[in-house]
Each structure stands twice: as structure tokens, then as C-alpha cells.
Amino acid sequence: MSFNQFTNLDFADLRAQIKDYLRANSDFSDFDFEGSNFSILIDLLAYNSYITAYNTNMAVNECFLDSATLRENVVSLARNIGYVPRSTRSARAVINFSVNMGDNETRIVTLKAGQVALGAQQGGSYIFSIPDDFVATTDETNVARFNNLNIYEGIYLQKTFQIDYSQPNQRFILPNANIDSTSIRVIVESTTKEIYTLYDNILRVDATSKLFLIQEIEDEQYEILFGDGILGKKPPAGATVTVNYIVSNGKLGNEARRFSFVGVLEDDQGQSVTSGISVVRTSQAAADGDDIEDISSIKYLAPRIYSSQYRAVTANDYTGIIPFVYPNVESVTSYGGEELDPPEYGKVFISIKPKNGSFLSQITKDDISRQLKQYSIAGIKPEIIDLKYLYVEVDTSVYYNTNAISDSAELVTSVTKALTSYSQSSDINAFGGRFKYSKIVSLVDDSARGVTSNITKVKMRRDITPEINTFATYELCYGNAFFKQRNGYGIRSTGFNVSNISGTVYMGDIPTAGSNMGKIIFFKLENNLPLIVKNDAGTVDYIHGEINLDVVNITGTSLANGQIQVEAIPQSNDVIALKDLYLQLDVTNSSVNALPDVVSSGENTSATAYVTTSSYASESIYTR
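In terms of this note's numbering, the sequence shown opens at residue 7 and continues consecutively.
Just so you know, the hints here were simulated from the structure itself, not pulled from any lab data. There could be a bad hint or two in this list.
Straight-line distance between alpha carbons at most 27 Å, and here's what the computed DSS-like set of lysine-lysine pairs gives [stated by the list, open to error]: (1) 445 <-> 525; (2) 257 <-> 216; (3) 423 <-> 361; (4) 379 <-> 361; (5) 525 <-> 371; (6) 199 <-> 257; (7) 118 <-> 165; (8) 423 <-> 371; (9) 361 <-> 530; (10) 240 <-> 257; (11) 118 <-> 305; (12) 371 <-> 361; (13) 530 <-> 540; (14) 387 <-> 442; (15) 353 <-> 394; (16) 394 <-> 379; (17) 387 <-> 361; (18) 387 <-> 423; (19) 442 <-> 463; (20) 530 <-> 585; (21) 25 <-> 118; (22) 257 <-> 387; (23) 379 <-> 423; (24) 394 <-> 463; (25) 585 <-> 387; (26) 353 <-> 445; (27) 540 <-> 490.
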């Protein structure tokens, strides 16, 4: 009698196997297995086996990081390889205010740790706090100025423990969820008061190191861990442990811009200061707030941080560590200086696209650089560079059957919605993103019933924010080869003004015969025709997709935002964002033109009235 099929977990299969097993037994050869009583018993056995197998399978899945689904198990498995998931992060803002002490002779004003300001934004109001006291000294006018004060969204709380080694397995658990772990301050007080520092690893730790570690436990709470006298100093028995921390609302606190003061001020006599407080001015709106790290992120980052051993050596190491030190990252790229021309050895260049916003503030870049120091090895210098956007614009002519589509405006709306949907896809909106021409053509064709075809042209764009009234050079790298126009300009710009040339000028290009290079020229428009006013304003490299402007003093721009948009036609309709370029499809500056297909509709079967559209850029257009 053979019964060794152990892999089938389906209820029906289990039921059939039980009946086969019983039939193979001579004691049950004459039984009616479909009889009501026997059938119920077989169903019960199959059901029990099914539930047991299911639970076993689920339990086994929870033993592996890549298949675990419960947060507690994922966190526990990550802990085994030394990874601590990121906590909730408080949104940070920078404010300024002053206190006029009047006739008070005090020289020092202290802003007490805790609540400082109430920040308002569209989603509501949030409390902002500071983790430590902030001291300001009055000036000759008896005004204390609190400048560039970093405040953090959340409520400031305190928890006190007593060290009791008679209690076995004593634990120090902070009884709150949504704690910003970076805000935790630990003070151990016995005969003296000592400040303990948070460590994320135990490298260079000895028996005297005043440190504490944290680990996430159940319900997204945190446990404080101290040294044992070998790795880290062991707090003395009877000592009082005071833990201060901020409980935050995560990303909800972002974008707060208007602040009102709600803090506590004291003079050098410890007396409360309630008057002479100025209006709070905002230097930097609240940003960088984030929720606790989710399961998918833990699964992705934990093995990579472990493989790097908390050391950043290669460019890929920095790519893996950046989301760990700066959780508000949407996309990140890094590359070694040896990849540049000319090479810059010993450097790693890092560019970051934040989740909330377009660029990193200088304060944030400085903070990331400071945190990266603990991972960088000697001889390698990480450098945070500004984000560079590479925009793709499309000009599409959509042909449609008038028998199926009566309103061309609705067709334009449908095509625009399709382009907008693609602009939000994972293909683009990333470093290393790729604009796929075939997808765009298919999306336009499928955007509405009745579309017969489309002719879509592709353009690339980089924006310059010039230093007004300053002599400077400018470099624009597109990372994609340029198409060389035989007539007209392949490179076009919005208008701007330069010193010593009256009126508005534009940028164009003239290829050098027999070369992959060309020159940038400045021209004015007279009677809608270009008049060159500067014949040698820079160079263009068509193969590498680079524009270099020689020294020029730009005194103004036609665009209200102070930028100059520079457009180029790519050699390939597929556009790729290389190195530090962040790719985006700019639907706003794209155009959609609906044209009736008189052949498909039967209006003009001879095609004599069919309007054709060029697949190439119009040579009559000289500027954006």
C-alpha cells in the first residue's frame, strides 16, 4: 500500500487521497465512501489536514526575511543582521524670532526644551518642539535673537526608569508609537549626571563608552538597551534613567509654513519671559517628515546595509546607505569621480530627489553629509550635488475618425490624460529613468476609440537659473545625443537679456561641417526671422549631448521664474537619464493637436484632402 504524496494541499486533493488510502486497505474495501456518515468523517480529516498544512506553510514563510508578512517578524529577522528599521521622522523647519528685553538687565535668554511653535498648513496645525534648551545672548539693544532655530514636529515627552538589577531581565520600553528615534535623549543620574549617546553599531566601543542602543519591539514601540560593562558602560544599580523623546505625526507635518510662538522663555534669573516676543519668521518650511519604515523597505534595505557592513566604499554602497540616513528620499543616484571626463579620483557624487519637493535645502545636504561621515572610509569624499532635471516634451498630432469622435476637444483631453498617466509611471521620474517612445505612441493610439494614428515628435529640455548681472559660464548636459538640423536650429531657448546687447536674445546652434561639434549663437528676431548678434557664444557636442556657454553676463530673463529653458532634439526618440539626471515628462509644455482622418471617415477616399504632418521639427520655429 503506497501513500506518499505529501505535496498536495488542496482540500479536494486531500479528500481524494484519503479515500484512495482507505480503498487500498482491505478492511475498508466494501465501504461506501460517499455515504453521508463516512463522507463527513473524510471531509473532517481533509479539512483538518488542510488547515494544519496552511498554518505550517505560513509559519515557515515567517521564518525568512523575503517571505515574512508580519511586521514583528520582519523586524526580528532584520535585527538578526544588525538592521534597525527607521523610525518615524519629524518634519523639520527653520524659524527666526527675537525677544526684546526692554529695561530688563538680563544678558541671557533661554528657550526651554519642549514645545516651541504651532505650525499651520492646509491639513491643520501641528506642534513643533526642540529636544534641548537653546540659549541666546542679548545684543547692545537688549534684544535676544533666535536665528536659524531648527524645530521638529511632535510632542516632547519624558519617561523615567530606575535601574534595578535584582529584577531579572529588566526592560526599558518607551510606551509610545511614532517616536522619532533621532530625538531620543538619555540621561543616567547616580552620583553624577551622565549623557548617553545613541549608537547604531558597536564599532570602536569599549567598557567605558556611554552609549545606548535601540530596537523596535511589538506595536512599533522602542526598547532602550545599555552596555554590559564589556561593550559599553553598564549603568550603576539604583541609577535614575531619564529618557526624553518626541512623538511625531511623520509626513503629515510637512509643508507647515506659518508659525506662532508657544514656547517657554526664561531669563538668566530663571524668571519667565512673556513679553517682547516678535513675530516668528520662517526660513525653511517644514520638510523631511516621514512615517515609520514600511515592511517592503526593510526587506530591501536590510540585506544591502548588512552587505556593506556599515561602510561606504563603492558608489553602490552610498546608494544603499542614503535611504537609511535620509528616509525622505524618492530616488537616489551615485557615481564615482573616475567616471567623469576629466576624472576626479577619490570622490563619490550623490544626487537625491526628495519625496516632498524638487530640491534639497543646503541645511539638509549638510545634515546628510555629516551623517555619511560615519560610513565613509579614508580617501573617499562623498559630495552631495544639486538635482538636475531632464525634461521630455512631446508634440503629437492625433488623427481620428469623425464618425467615431465628434468632439476634438474631448479627444485632446483623453490624450492629455494618457500622457499624464505615463508621466507618473515608474519608467520615468527616476535617475536612470527611460522615456519609451513606443509606449507613448501606443498610449496615444489607445487613448480613445476612433483614433487612427498619430505623429509624435520628442524634445528634451534643461533649465538654467542664471546668476543675474554676474559674468559666468554655464554647462548643460543632456546625456543623450543631439539631432543635427540641416536647416533651422535644433537647439532653441526662451528669451533672455545680456549685457552690451539691447533687446531680447535667444539661443541657437550651427553645426560645424564634417564634425560632431557646433557652436552656440545668440540671435534676435526681426520680422520673425533670426538676426545673429553673437556668432560664438559657446559650443555644442552633438554626440555627448552637451552645451557649454562661454562667459556671459545675463541681466534678465523672459520667464517670470527667472529661468531660461533650453530645448534640444534628441537623436533617438527613446530618452535615458544618465548619472545625475532625473527624468520627467513635462505634459504642461507638451502639445496635442487633433486632426480629422478624412480617409478613414469616408469623406475623402482619394486622400486628396488628407492633411499630413511632418515627423521632424519645424524649421520655421526658431525659439521656444
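Do the hints match the structure? See the list:
1. 445 <-> 525: Measuring from Cα to Cα gives roughly 34 Å; hence the hint is violated.
2. 257 <-> 216: Since the Cα atoms of residue 257 and residue 216 sit roughly 32 Å apart, the hinted pair is violated (cutoff 27 Å).
3. 423 <-> 361: Satisfied, since the Cα-Cα distance of roughly 23 Å is no more than 27 Å.
4. 379 <-> 361: Holds: residue 379 and residue 361 sit about 23 Å apart, inside 27 Å.
5. 525 <-> 371: Answer violated: residue 525 to residue 371 is near 36 Å, above 27 Å.
6. 199 <-> 257: 35 Å, violated
7. 118 <-> 165: Since the Cα atoms of residue 118 and residue 165 sit roughly 18 Å apart, the hinted pair holds (cutoff 27 Å).
8. 423 <-> 371: Cα-Cα ~36 Å, so violated.
9. 361 <-> 530: 40 Å, violated
10. 240 <-> 257: With Cα atoms ~36 Å apart, residue 240 and residue 257 exceed 27 Å; violated.
11. 118 <-> 305: Since the Cα atoms of residue 118 and residue 305 sit roughly 40 Å apart, the hinted pair is violated (cutoff 27 Å).
12. 371 <-> 361: Given that 27 Å is the threshold and the Cα spacing comes to 15 Å, the pair holds.
13. 530 <-> 540: 10 Å, holds
14. 387 <-> 442: Status violated; Cα separation ~35 Å.
15. 353 <-> 394: The hint holds at about 19 Å.
16. 394 <-> 379: 24 Å, holds
17. 387 <-> 361: Satisfied, since the Cα-Cα distance of roughly 25 Å is no more than 27 Å.
18. 387 <-> 423: 44 Å, violated
19. 442 <-> 463: 13 Å, holds
20. 530 <-> 585: Not OK: residue 530 and residue 585 at ~35 Å, beyond 27 Å, violated.
21. 25 <-> 118: Roughly 77 Å separates the two Cα atoms, so the pair is violated.
22. 257 <-> 387: 31 Å, violated
23. 379 <-> 423: Status violated; Cα separation ~45 Å.
24. 394 <-> 463: 23 Å, holds
25. 585 <-> 387: Since the Cα atoms of residue 585 and residue 387 sit roughly 18 Å apart, the hinted pair holds (cutoff 27 Å).
26. 353 <-> 445: 37 Å, violated
27. 540 <-> 490: Holds - the C-alpha atoms of residue 490 and residue 540 are around 20 Å apart, at most 27 Å.
In the structure shown, a violation is registered for the earlier hints numbered 1, 2, 5, 6, 8, 9, 10, 11, 14, 18, 20, 21, 22, 23 and 26, in ascending order.
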